[in-house]
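K.L.:
Going down the list, the protein sequences come from chains X and W.
Counting from 1, one number per residue, gives the positions in the first sequence under my numbering.
Counting from 1, one number per residue, gives the positions in the second sequence under my numbering.
Hints may be right or wrong, so weigh each one.
[Said to hold, decoys possible] Here are some chain W residues pointing at chain X (derived, C-beta under 8 Å):
id, residue
1, Ser14
2, His18
3, Gln22
4, Lys154
5, Glu156
[What the hints assert, rightly or not] Straight line, CA to CA, 20 Å or less: simulated EDC-like cross-link-like pairs of lysine to aspartate or glutamate:
id, chain 1, residue 1, chain 2, residue 2
6, W, Lys153, X, Glu83
7, W, Lys154, X, Glu28
8, X, Lys27, X, Asp71
FYI, nobody ran anything at the bench for these hints, they're computed from the structure.
Keep in mind it's a predicted model, so treat the numbers as computed, not measured.
Note that CB positions come from ideal geometry on N, CA and C, so glycine has one too.
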Amino acid sequence: MQSLKEYLEIQADEALRMKEEREQIIKEWTTSIYNLIGQVRVWLNDADPHHILEISTASHRIREEKIGGYDAPGLIVRLNAREVRLIPISRYNVGPFTTLGEARIDRSFGRVDLTEGGLKYTLYRIQTEPSDKWILIDDEDYIPRVLDRKGFEEAVLDLFR
Amino acid sequence: MNTLEDAWNWYKESKEQHRLIQRLARNYWDDLPWEGKLDRDDHFKQADKDKILHSVTRGMEHLDDLAVLVLFSAFESLVRSRIEGQLRIVRNTIEHPVLGKALEEAIQRIEEGSFHWVLEPFKSKGEEFRKHIEEVNQVRRYRNWVAHGRRGKKPEAVSPAIARDRLNRLFELLIKMDASEPDPETATGVGPASV
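This is chain W alone, in the form it adopts within the complex:
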């Protein structure tokens, strides 16, 4: 999943499919035309309504947390590749070896370092950035708790809808910031690069 929209659609569709199966098992299972094709299908022949209901319900219990994880991963990947692309454009314009090396190290940190480190410098862009980055940090803390097996005390709970909202708002702010700043390609005369 490459975008927040992809991740959100995956979550919505998964939830909808779970619900349909749950509804089918709960409300219509006994009314299905079992005699004929269905009772010759090995998968359905062995299926037990209560077991299906139990499994689907269990699956849905964890779907929201999984969605926060997936949404955050998509966001993280988008932000990292955007900033990395921008730094690579700048890197191509620099001939000084010390500066070049420093930028290469910065690019590596953007690619592999802590995501917290990636976002922190943007707080210097003002109050709006600080606020949105802190909001996203709350989502990140919850994502980490989920990713580490929900062990230990629970941080502030985050629902998928709130996660998407917060991640979207910060990403839009980053795009807005880029649009208001001079284009490094135009400024340097360097050819186009994929960001």
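Isolated chain X (complex conformation):
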């Protein structure tokens, strides 16, 4: 018969395995946000040769049921008194059920919001392999589009105006 000590050792191993798994997911997710922020900074810098945008990073504490608490990066873009924020929302979220060209999307591997406090664009990470793919959905018409330079610039312009 299994002793209490043996039982608790199995439980401890399981807890450690789950902790490692959670840490792995958090690392993968936060890296993905860092990559997104890196890409967005490139697009912003390219659009701003006179450096009138003030760009800074922020940290957001998130607590999710499946992976617990963690810190995720965000971005703040200021233009005079206006401010647009890129805010990580969650790794686990209910994805949009929508079509994007031929593709049917109903899964999401993370959500980040782009907002000026009122108007908002929701970014869903719909693919992780071979690389991340994000879609951008505005909250007026809910029309999804692949996140690319043009889509991002249009969204930021809409938020600043």
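Model the placement of chain W on the given structure of chain X, informed by the hints.
P.N.:
Structure of chain W alone, referenced to chain X:
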């Protein structure tokens, strides 16, 4: 709000009104014709642009979560009253006291019991139902987290548009199921009842 459409329209209109006030405060506040009627209006005379902007932004931060709550409440109410109405029609046809009592208890559970219990039996209708009910359960879990003050760890996040989409799809499936099944009124000869 009695329908999902009502709830959705409330959300869209509230958001639009918030945005208009936010835009007015941010872009046009200083250009308003303050001298005259506006500076004689006590509400406007005391108004501070930054405070308005701060308040509106705070209000909008919570509007999406509130919308998920409102949408789900409308859906829950629709489903409960639909099923309750159907069971009442059947109840009127049953004379056996044991069966009648069992149905009355079932009706009470539909009215007052956990909504999870209300939806679960429909999973037996097949894979499509199972899938949609699970999707709606995700919305329900998020709604519960919001309703309990956003305490504890956050379940899978749900936006209002996704909530509406999922709730609509399950409700349409329920209607489709009813349309494909024999009408209890016709089958039993019982008079019309409001469902």
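K.L.:
Tell me if the straight-line CA distance from Lys27 (chain X) to Asp71 (chain X) falls inside 20 Å.
P.N.:
Within the cut-off at roughly 10 Å; holds.
K.L.:
Given the hint that Lys153 (chain W) pairs with Glu83 (chain X), does the C-alpha gap stay at or below 20 Å?
P.N.:
At roughly 29 Å apart (the allowed maximum being 20 Å), Glu83 (chain X) and Lys153 (chain W) break the hint.
K.L.:
Go through the hint on Gln22 (chain W) and say holds or violated, using the shortest Cβ distance to chain X against 8 Å.
P.N.:
holds, 5 Å
K.L.:
Under the criterion that the straight-line Cα-Cα distance not exceed 20 Å, is the pair Lys154 (chain W), Glu28 (chain X) satisfied?
P.N.:
holds, 19 Å
K.L.:
Quick check on the hint: His18 (chain W) CB to chain X CB, less than 8 Å?
P.N.:
Check passed: Cβ of His18 (chain W) comes within 6 Å of chain X, closer than 8 Å.
K.L.:
Closer than 8 Å between Cβ atoms is the bar; does Lys154 (chain W) clear it against chain X? Give me holds or violated.
P.N.:
holds, 5 Å
K.L.:
Is the hint on Glu156 (chain W) kept, meaning its closest Cβ partner in chain X is under 8 Å away?
P.N.:
holds, 5 Å
K.L.:
Using the nearest Cβ pair, does Ser14 (chain W) come within less than 8 Å of chain X?
P.N.:
This hint is violated: Ser14 (chain W) lies away from chain X, its Cβ roughly 12 Å from the closest one there, beyond 8 Å.
Checked against the numbered hints listed earlier, the structure breaks hints 1 and 6; every other hint is satisfied.
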